[in-house]
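Trainee: Spelled out, the chains give:
Number of protein chains: 2
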Amino acid sequence: MLSTMQDVPLLISRILTHGSTIHGTSQVTTWTGEDEPHRRSFAEIGARAAQLAHALKDDLGVTGDERVATLAWNNAEHVEAYFAIPSMGAVLHTLNLRLPPEQLAWIVNHAADRVIIANGSLLPLLAPLLPHLKPVEHVVVTGPGDRSLLDGADVRVHEYEDLIAGKPTSYDWPELDERQAAAMCYTSGTTGDPKGVVYSHRSVYLHSMQVNMAQSMGLTDEDTSLVVVPQFHVNAWGLPHATFMTGVNMLMPDRFLQPAPLAAMIESERPTHAAAVPTIWQGLLAELTANPRDVSSLGQVTIGGSACPPSLMEAFDKLGMRVCHAWGMTETSPLGTIARPPAGVAAGTEEEFAYRLTQGRFPAGVEGRLTGPGGERLPWDGESAGELEVRGPWIAGAYYNGPDGESLRPADKFSEDGWLKTGDVGTISADGYLTLTDRAKDVIKSGGEWISSVELENALMSHPDVAEAAVVAVPDDKWGERPLATVVLKEGSTATFETLRAFLAGEGKIAKWQLPERWTIVEAVPKTSVGKFDKKVLRRQYAQGELDITALG
Amino acid sequence: MLSTMQDVPLLISRILTHGSTIHGTSQVTTWTGEDEPHRRSFAEIGARAAQLAHALKDDLGVTGDERVATLAWNNAEHVEAYFAIPSMGAVLHTLNLRLPPEQLAWIVNHAADRVIIANGSLLPLLAPLLPHLKPVEHVVVTGPGDRSLLDGADVRVHEYEDLIAGKPTSYDWPELDERQAAAMCYTSGTTGDPKGVVYSHRSVYLHSMQVNMAQSMGLTDEDTSLVVVPQFHVNAWGLPHATFMTGVNMLMPDRFLQPAPLAAMIESERPTHAAAVPTIWQGLLAELTANPRDVSSLGQVTIGGSACPPSLMEAFDKLGMRVCHAWGMTETSPLGTIARPPAGVAAGTEEEFAYRLTQGRFPAGVEGRLTGPGGERLPWDGESAGELEVRGPWIAGAYYNGPDGESLRPADKFSEDGWLKTGDVGTISADGYLTLTDRAKDVIKSGGEWISSVELENALMSHPDVAEAAVVAVPDDKWGERPLATVVLKEGSTATFETLRAFLAGEGKIAKWQLPERWTIVEAVPKTSVGKFDKKVLRRQYAQGELDITALG
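Protein sequence lines correspond, in order, to chains A and B. Just so it is clear: in the first sequence, position 329 is 329 by full-length UniProt numbering, and no numbers are missing. Just so it is clear: in the second sequence, position 524 is 524 by full-length UniProt numbering, and no numbers are missing.
Treat the hints as calculated values from the structure; they're not laboratory data. There may be inaccurate statements among the hints.
[Stated by the list, open to error] Looking from chain B toward chain A, a few residues come up when the C-beta cut is under 10 angstroms (computed):
hint : residue
1    : Leu10
2    : Arg179
3    : Met184
4    : Ser188
5    : Asp221
6    : Glu331
7    : Thr371
8    : Gly372
9    : Gly392
10   : Ala396
11   : Tyr399
12   : Asp412
13   : Glu416
14   : Leu420
15   : Lys421
16   : Leu547
[What the hints assert, rightly or not] To give an idea of the chain B side of the interface with chain A (calculated C-beta under 10 angstroms), a few residues:
hint : residue
17   : His138
18   : Met213
19   : Gly418
Note that CB positions come from ideal geometry on N, CA and C, so glycine has one too.
Make the full structure from the sequences, and use the hints.
Mentor: Rendered as structure tokens:
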């Protein structure tokens with residue numbers, strides 16, 4: 001028996017129409033580096049998004065569900081593209097300007113982008129790339145920047161403002177299937193080719209509603225959100241869509257992501273909310289310590305992307321900026337968990353702080369489960385560690401395989417019953433709080449049990465003689481895998497492998513069967529370009545016999 | 001191009017599972033009239049809902065999308081039925097215990113309810129009705145009440161607790177189509193047969209998300225909601241579903257809806273939110289004036305169902321209970337508008353108060369438009385009055401026509417393009433605030449323009465000699481309809497129709513062409529059982545020549 005409800009699809013055009021009428025006076029403020037930032041109302045954004053859609057359709061011949069790319073910072077024009085492109089039925093493809101050029105080229109070619117909307121300030125990045133971007137026919141340039149960089153390129157170059165000028169300020173947005181593609185991001189995987197995640201109108205709409213729930217980020221039209229997380233990074237965590245849905249003002253930093261301008265825009269524009277990855281906040285904290293500013297407007301700071309260090313959370317608390325930890329990934333739109341402490345836990349207590357340091361709870365709409373090394377379901381007991389798998393209407397169930405390809409569903413990324421394997425390993429407490437401890441690929445699978453490399457590393461690094469320690473899995477005939485401990489000793493240390501092993505055993509946290517048998521000393525742990533332990537290199541060095549291994553036990 | 005997102009249907013079983021795990025310690029507290037209220041955790045509700053579903057399926061043979069009725073107050077068992085019945089695939093049919101018995105019987109027969117879950121305290125209502133309820137085979141009784149009232153009835157009688165005892169506490173909820181029927185309510189229309197509105201899993205889920213948005217009611221697991229609005233009245237405005245989605249505690253008054261117990265439960269349980277119609281709050285206000293209590297916990301009071309009198313809002317403000325006005329109807333799930341003042345309007349000002357007295361703005365997901373007497377779209381200018389039409393995924397697009405019937409789409413209820421004609425007349429301001437002034441059927445359609453009967457009545461009643469005044473439309477050869485003014489004069493009044501008409505003209509608010517030509521004096525305006533002007537009677541009296549009409553102008 002069907003219901004008697006109207007069959008109204010959840011479309012991004014509806015978010016646009018709602019925001020630009022009901023919340024028409026809310027604003028997108030873009031930092032310019034000048035005295036006055038640039039301000040544009042939601043009503044103006046709505047009118048200009050309609051103009052952009054007309055221009056893309058009539059002048060650039062965008063049809064159907066063609067991908068239209070953006071190479072842009074967070075600013076008002078990027079918000080216009082966010083709404084115009086999916087609303088007209090095309091697919092917004094945000095390009096990550098931080099990727100290596102060859103990856104960027106691969107992605108543009110894979111998505112078959114024919115049009116790129118680019119900030120003028122990013123032409124130095126785009127221009128040398130253009131000869132490698134086969135499908136690109138049109139580049140639409142917004143904002144300041146040297147256009148002559150595109151001279152001689154085999155594309156048609158358009159000024160954004162000229163292109164949209166005089167176009168009608170409304171558009172008869174089509175009634176699309178809500179499951180149709182609306183936007184896409186490629187994950188910058190460290191192994192293999194980048195993988196495209198394609199969001200639907202439905203997934204964006206539902207994710208926006210979720211973000212707006214009071215139990216989640218819960219902003220209203222009285223708020224202003226400083227959207228530091230880039231619009232090319234998982235749709236700026238869904239904030240442009242979510243804010244348009246409820247009239248939350250947006251403060252956009254454009255290319256001014258350095259600590260000093262961020263501090264200045266917080267002081268002068270007084271946002272009530274901000275969202276960024278920990279490194280941004282670490283930089284801001286250093287800036288504020290050196291040059292204090294009034295940042296008291298920031299009642300809620302969403303931190304995600306990687307785990308928030310406790311010291312950062314503490315320091316922000318002292319400045320009156322309350323951190324809310326969240327977890328997600330490109331494949332999860334991204335809100336997967338959010339760390340609001342449970343009701344009844346008193347503010348300012350150690351118990352509350354511990355809850356806030358977890359990755360948090362699943363919001364309504366996201367289901368999570370832990371899978372052990374043998375594929376078994378693990379209990380929510382705060383102790384059983386397994387790979388996190390998630391399900392929900394804004395969670396990816398496949399990757400994009402090009403305009404003519406089938407979807408990709410690699411078995412290491414999606415379970416047989418369709419859940420996303422996140423590649424993150426952790427525990428879930430009885431009251432539903434997720435604590436991530438490892439990436440699955442860094443976990444050691446020993447005799448059907450898992451050993452956390454991070455736990456061993458942290459224990460080793462708490463020894464006074466150890467400067468650095470990295471633990472990786474190495475093949476073992478009997479157990480499948482066993483841990484290899486790679487240690488950098490401090491100068492003058494007299495520690496031996498035996499004393500380190502005894503130290504680990506004495507800590508109490510490490511079970512006897514988890515203790516490493518294989519040990520090696522190195523001068524420094526190999527690191528990636530962003531300073532993380534490069535475990536791939538260690539594993540390769542071990543495999544090629546380049547490490548001097550001592551066997552214990 | 002389809003997205004790569006998972007295809008996860010929005011189901012009520014997912015709300016149940018989320019609430020009973022992530023928010024398992026949140027509580028449903030039911031008032032008992034004894035010293036201690038009854039408390040049940042969301043985890044227990046989840047387990048018992050699974051038991052109820054097993055019992056309905058295995059013992060009572062409930063299959064497919066069968067309707068299962070409830071005749072119950074707001075209490076924990078009713079919440080269990082709310083989740084068990086739709087989650088298993090059946091359709092929850094809440095019976096309005098305030099309807100006249102013959103209407104109730106018509107509805108049960110029309111819906112073909114085979115099972116009724118009834119509170120023991122309502123058996124005095126149900127027992128005499130049973131012989132007229134042809135399809136009913138099973139009555140499941142919860143809570144205190146004299147079971148012997150059912151002796152001799154041609155149904156099987158079950159004790160709710162006995163029925164569910166020992167059943168498994170989990171249930172493998174089916175993956176349903178989210179557009180499938182989940183719950184139904186009949187509107188108690190004053191004309192014609194009651195009309196069934198059938199909610200889908202999708203509409204309930206989306207409505208719950210909307211209610212939980214910070215821009216809307218915006219409750220969290222730190223809140224407790226006193227759900228006074230009955231569960232048989234548009235799903236208690238969606239609160240049981242919305243609260244389970246975010247862990248909001250529910251305080252349920254059961255049958256104790258009188259002002260004194262309501263005041264007592266507010267003082268002792270300290271809810272932070274409450275929802276009810278104005279008459280409940282009028283009663284509570286009188287009670288609190290006579291017997292002051294500490295009601296300071298109530299930070300937000302949602303008032304809907306009919307317009308909130310300004311005096312009530314003022315009085316509640318003084319008690320520290322902030323009223324939030326909302327509008328909706330059975331056909332709108334019900335949240336259609338909510339009156340949060342726009343950002344930037346200072347609290348406590350006249351401007352803010354005026355915004356709060358409107359019906360409010362459409363939330364994301366609801367679109368509204370005004371249609372004039374000739375079917376034309378009217379502007380949002382705060383002046384053009386038209387019938388409100390709404391569209392959205394939780395708005396009805398038809399009525400239920402029985403188990404084997406097609407849907408009903410009467411042309412006076414649904415537009416050709418599928419919008420709901422609400423039957424309410426009002427204006428929308430440029431910033432999107434709806435102000436309702438009339439029911440469409442009370443508006444006078446004169447020469448392609450509308451005349452508000454309520455406006456004329458209010459103007460007339462502001463004359464010192466007028467005790468009561470009712471204005472209705474009567475047929476007119478030239479204009480289609482014209483207003484008839486029916487006046488009750490105060491004792492000793494010397495006012496004439498001419499002076500009253502001159503008074504209206506002099507008021508400035510009433511245009512000359514809106515002034516009534518037809519006047520009559522009556523001893524009292526006929527009233528309905530709930531004290532409203534009964535305009536049907538006036539129209540009939542006019543049509544049958546029973547009124548003594550004076551023609552002016």
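Trainee: Tell me if the interface restraint on His138/B is satisfied: Cβ within less than 10 angstroms of some Cβ in chain A.
Mentor: violated, 20 angstroms
Trainee: Going by Cβ atoms only, is Arg179/B closer than 10 angstroms to chain A?
Mentor: holds, 6 angstroms
Trainee: Holds or violated: Met184/B as interface residue toward chain A, Cβ cutoff 10 angstroms?
Mentor: OK, holds: Met184/B within 10 angstroms of chain A, min 8 angstroms.
Trainee: Mind checking the CB of Asp221/B against every CB in chain A and telling me if the closest is under 10 angstroms?
Mentor: holds, 4 angstroms
Trainee: Does the closest beta carbon of chain A sit nearer than 10 angstroms to the beta carbon of Glu331/B?
Mentor: With Cβ-Cβ at 9 angstroms, under 10 angstroms, it holds.
Trainee: Would the hint on Leu10/B stand, with a C-beta cut-off of 10 angstroms toward chain A?
Mentor: It holds, given that the least Cβ distance between Leu10/B and chain A is near 7 angstroms, below 10 angstroms.
Trainee: Can we keep the Gly418/B interface hint, with Cβ of chain A closer than 10 angstroms?
Mentor: holds, 6 angstroms
Trainee: Identify whether the interface hint at Met213/B stands, where standing means a beta carbon of chain A within less than 10 angstroms of its own.
Mentor: Holds, about 4 angstroms.
Trainee: Close enough to count: is the Cβ of Asp412/B nearer than 10 angstroms to one in chain A?
Mentor: violated, 16 angstroms
Trainee: Is the interface hint satisfied for Lys421/B? The criterion is a beta-carbon contact with chain A at less than 10 angstroms.
Mentor: Given a least distance of 13 angstroms, the restraint on Lys421/B is violated.
Trainee: Hey, does the Thr371/B contact hint survive, CB to chain A under 10 angstroms?
Mentor: Interface hint status for Thr371/B: violated (17 angstroms vs cutoff 10 angstroms).
Trainee: Holds or violated: Gly372/B as interface residue toward chain A, Cβ cutoff 10 angstroms?
Mentor: violated, 19 angstroms
When the structure is compared with the earlier hints, violations turn up for hints 4, 7, 8, 12, 13, 15, 16, 17 and for no others.
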